[in-house]
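Asks: As they're listed, the protein sequences go chains A and B.
Anchor point for the first sequence: position 57 equals 57 in my numbering, and the numbering is continuous, going up by one each time.
Anchor point for the second sequence: position 69 equals 69 in my numbering, and the numbering is continuous, going up by one each time.
Think of the hints as simulated: they come from the structure by calculation, not from any bench.
Some hints could be false.
A short list of chain A residues far from chain B (calculated; beta carbon distances all over 12 Å) [to be verified]:
1) Q14
2) D26
3) S30
4) Y32
5) S42
6) M45
7) L47
8) Q57
9) N62
10) S65
11) N67
12) S82
13) G85
14) S96
15) A97
Beta-carbon label-pair distances, calculated as ranges [what the hints assert, rightly or not]:
16) Q14(B) / N62(A): 40 to 50 Å
17) R111(B) / Q2(A): 38 to 48 Å
18) A71(A) / R9(B): 17 to 27 Å
19) Q14(B) / T60(A): 17 to 27 Å
20) A16(A) / P61(B): 38 to 48 Å
Glycine included, every Cβ here is placed at the ideal spot set by N, Cα and C.
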Amino acid sequence: AQTVTQSQPEMSVQEAETVTLSCTYDTSESDYYLFWYKQPPSRQMILVIRQEAYKQQNATENRFSVNFQKAAKSFSLKISDSQLGDAAMYFCAYRSAWTGTASKLTFGTGTRLQVTL
Amino acid sequence: DAMVIQNPRYQVTQFGKPVTLSCSQTLNHNVMYWYQQKSSQAPKLLFHYYDKDFNNEADTPDNFQSRRPNTSFCFLDIRSPGLGDAAMYLCATSTRLEGQGKEQYFGPGTRLTVT
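Next comes chain A alone, as it looks inside the complex (with noise of 0.2 Å):
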């Protein structure tokens, strides 16, 4: 089975900093996905960006971006520019690329963001 781990639960970045949330992975496939959502307090989760492990690019979605290191199966979101909005709790997420079922998805335990002016 797969796991996921996020080893800090709580973060703090001022406005206009940048700040890198940690998600490290176990698993035995090789062709899987990796997502961050977002989830505001009180909203709903919302994805923020996504990987897919066949692809050595980072993915970059405006001032979010990752980085992806396959071998040592870890997944670090970096938010640039960090914005009063980007409070919230992080999750991170793994999928396998195995159709054989449905998507399911194995999360972290989150990072909660806050943002300080």
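Since the structure of chain A is provided, determine the placement of chain B on it from the hints.
Replies: Chain B only, in chain A's frame:
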């Protein structure tokens, strides 16, 4: 906009009194999921439907049931809620179509309080 809708957003029920939470989607996705999320924890998958096929997680209590009468709607029934069932319940959808991103789309959740 295509979306996942959950009603009600807040639900209060009494200990042991059956309660039903609902989820609807306009994405026309063939997979629908129910998660339980307790405070400051990761979402825990309870079960999912792939079309009409129901898939229960091994550790989901029998107290939790689900119905999916059509593609758009899915219900979570808690037959006899206990205090430990107080949580946020998240509905999510996804598609099996290739090239569709593989992610799940989440609703805003229903916060269940058991008194």
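Asks: Tell me the hint numbers this structure goes against, listed in increasing order.
Replies: Those not satisfied are hints 4, 5, 6, 7, 14, 15, 17, 18, 19.
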